[in-house]
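Student: These are the residues of each chain, in order.
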Amino acid sequence: MIAILGLLIGVIAGILWDVNIPEKFSPYISVAILACLDSVFGAIRANLSNNFQADIFISGFFGNAALAAGLAYLGDKLGIPIYIAAVIVFGGRIFNNFAIIRRLLIEKAKSR
Amino acid sequence: MKGYETKIFVFIASFIVGILIVMNISFKPTEQTKFLTAEEYMDAINERSKLANDINLLRQQYAANYSKYQQYMENASNPSDSLKIIESMEKELARNRALVGIEAVEGQGVSITIDDSIELHLNNQLSDFETNSKIVHNTDIIELLYQLNLAGAEAISVNGMRIMSNSEVACAGPFIVINDVKLTAPFHIDAIGNSQSIKEYLYAQDSHIGILSTLTNPFRNLYVDFQIQERVKIPAYIGNYDFKYAKEVKNN
Chain A
1 MIAILGLLIG
11 VIAGILWDVN
21 IPEKFSPYIS
31 VAILACLDSV
41 FGAIRANLSN
51 NFQADIFISG
61 FFGNAALAAG
71 LAYLGDKLGI
81 PIYIAAVIVF
91 GGRIFNNFAI
101 IRRLLIEKAK
111 SR
Chain B
1 MKGYETKIFV
11 FIASFIVGIL
21 IVMNISFKPT
31 EQTKFLTAEE
41 YMDAINERSK
51 LANDINLLRQ
61 QYAANYSKYQ
71 QYMENASNPS
81 DSLKIIESME
91 KELARNRALV
101 GIEAVEGQGV
111 SITIDDSIEL
121 HLNNQLSDFE
131 TNSKIVHNTD
141 IIELLYQLNL
151 AGAEAISVNG
161 MRIMSNSEVA
171 CAGPFIVIND
181 VKLTAPFHID
191 AIGNSQSIKE
201 YLYAQDSHIG
211 ILSTLTNPFR
221 NLYVDFQIQE
231 RVKIPAYIGN
241 YDFKYAKEVK
251 NN
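Going down the list, the protein sequences come from chains A and B.
So in our numbering, spot 106 of the first sequence is number 106, and the numbers just go up one at a time.
So in our numbering, spot 191 of the second sequence is number 191, and the numbers just go up one at a time.
Chain B with its partners taken away, still in its complex shape (with noise of 0.2 Å):
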């Protein structure tokens, strides 16, 4: 009877042992407390931010969209509204064709030409370094294309071939070659763009010095010359402007 006694009570000792065992160990996931260094700390701040950015950003994305569709879902229970869903439509896809640049655009800007220099042609007795220093090379064209950028030109051609973010501007011995396209000096550029602020920032003079002033100084001494026009026109991209490797990202 002693002995069955002593069961009972280790047995409800151990049960409770166990209760409080099982209680301590937890067998949920819990929360892991991590202390975080000052660089970890920002990193993680940046990374909340930009996220909290990325949300907003969707959240237009989303509510332009939303009343898109809105429209027309308005539209389309009216079959003569339904010319007008495909019109916006076929706005929107010419606005994204000229955006890319496989539509030509037109609008006010500037035209520039630019050829070696006279002094080619006129004194024989450059040296080679000098002679180098008076043609017009790809660089000098790249450097343009940079700076047209910059100062916020919105479409811009070499000798009517568009320029696209594809577009190469290579050296090839005398010619220079865009859009697998050889051309010569003199190369006519044209960008569409705000023609003012073009002009001051291609032929500045302080701490940045502008491409065109550049070109024109008596080192260089090309030709140069700069009009500013009402109305540029800038031809479509010709060639072939397929991925082959780059794929679309989903959800984007």
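If we strip away everything but chain A, and leave its shape as in the complex, we get (with noise of 0.2 Å):
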């Protein structure tokens, strides 16, 4: 729940602050939400399975935006799509991180 309000109220505040990145970073930043909202996912099923750190879920939230967007932006340079690297790793982690959370939540309200 907590994630869905952040996101929203996040999309108002951009929405109100009005600030438009330049059209040809566009795509690295494409892949840098791709990386942070794996991060929240992350965080998510952390917070499940009570074993979140704090730690590693900052370093984990902007490092693999930064290293995402890095390796987009590299790949741009070399010629070779390496963004669909982050775009399946990042994609595939997003569902897997979701079946995981689906599973606790259905669980946990089983056992209630």
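Source of the hints: derived by calculation from the structure; they are not laboratory data.
Don't take each hint at face value.
Claimed, not checked - Here are the simulated distance ranges between beta carbons:
#1 A:Asn96 / B:Phe35: 37 to 45 Å
#2 A:Ile80 / B:Phe35: 23 to 31 Å
#3 B:Arg59 / A:Ala66: 50 to 58 Å
Unchecked claim - In the DSSO-like style, the derived pairs of lysine-lysine whose C-alpha atoms are separated by at most 27 Å in a straight line are:
#4 A:Lys24 / B:Lys34
#5 B:Lys7 / A:Lys110
#6 A:Lys77 / B:Lys34
#7 B:Lys91 / B:Lys247
#8 A:Lys77 / A:Lys24
#9 B:Lys91 / B:Lys68
#10 B:Lys134 / B:Lys34
#11 A:Lys108 / B:Lys7
#12 B:Lys199 / B:Lys244
#13 B:Lys182 / B:Lys134
#14 B:Lys244 / B:Lys182
#15 B:Lys247 / B:Lys50
We treat Cβ as the ideally placed atom computed from N, Cα and C, and that holds for glycine.
Build the complex from these two chains, which are given one at a time in their own frames, with help from the hints.
Tutor: Now the structure itself:
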């Protein structure tokens, strides 16, 4: 719940703030967003399974985003679509994390 | 306490993600780049130059109208000069009427008379086909009018019928109908314009063959009298020249 609330507030703040990043950075930011989403899902999962660690989360959140954007940039320069690697890895992990979250939530609901 | 900490972190993280998403989506309509084919590019260039031309023309029109307006305003303060304004307006109106054709005009030009061939009366051995070729047809008159316009004629009349933008030249048996009036041969065509160039154009014999050369050749052998006149008077159009369906375009 808290994640959706944060997302909503973030979206509203973004609209009010009204900054646009230059178009040429747009694809890198997209990959970075994917990495960030993955970290958020990972955090929710860790929270549900009670092994959340703040330092790991923060380093993962920013590190993954930076690495994904950097790889996408590097791929662009080299002419290889490396961003696909980031998309596949983070996309797969998001689904994985979501599956685990789902399972944990349903088990919690059943055990109640 | 630990769950609380997690919530704060997740909240901050999702807040950042939300901002990033909005930054990336951007709800503003972005300018879309469009790739043009060579043809579309040419069209666009043509359109642009056409619009530039239009703008130029409108500017010139504006300048002319503005100077006229200035003149009116200057004269308006002085009551004796208001007569001058009316005079210049009337001059303009008369010029427009002459241009349109509802006013008689005169000037140097040519008068042409065309009649059926005299062979019709002398020779009764002609076949139908030959007889047909010795008669003045409405198509001859139409072609003559076109060539007069091409040669730069400014006003034309046929047997006193002013040729207007709506004038028809129709065949009606032994008659030719112009401006709803039935006319018979001989046809007197008056035209105002540069008489020398009209003569050269109508009698041309090179790549372009003038209509009068065609009419006077031995096959047609029509009676053609061509005269250069110092003063040709072209009467005004008689008839109704109202628009029923056409409407003025505003903001033209």
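Student: Does each hint hold? Answer for all of them.
Tutor: Now the hints, each set against the structure:
1. A:Asn96 / B:Phe35: 37 to 45 Å: Given a distance of about 40 Å, which is inside 37 to 45 Å, the answer is holds.
2. A:Ile80 / B:Phe35: 23 to 31 Å: 25 Å Cβ-Cβ, so the 23 to 31 Å window holds.
3. B:Arg59 / A:Ala66: 50 to 58 Å: holds, 57 Å
4. A:Lys24 / B:Lys34: holds, 17 Å
5. B:Lys7 / A:Lys110: With a Cα-Cα distance of about 23 Å, the restraint between B:Lys7 and A:Lys110 holds, given a limit of 27 Å.
6. A:Lys77 / B:Lys34: Given that 27 Å is the threshold and the Cα spacing comes to 24 Å, the pair holds.
7. B:Lys91 / B:Lys247: Holds: B:Lys91 and B:Lys247 sit about 26 Å apart, inside 27 Å.
8. A:Lys77 / A:Lys24: Holds, at about 13 Å.
9. B:Lys91 / B:Lys68: holds, 13 Å
10. B:Lys134 / B:Lys34: This hinted pair is violated, its Cα atoms lying about 64 Å apart.
11. A:Lys108 / B:Lys7: holds, 18 Å
12. B:Lys199 / B:Lys244: Not satisfied, since the Cα-Cα distance of roughly 39 Å exceeds 27 Å.
13. B:Lys182 / B:Lys134: Holds, at roughly 20 Å.
14. B:Lys244 / B:Lys182: With Cα atoms ~24 Å apart, B:Lys244 and B:Lys182 stay inside 27 Å; holds.
15. B:Lys247 / B:Lys50: The given pair, whose Cα atoms are some 25 Å apart, holds under the 27 Å limit.
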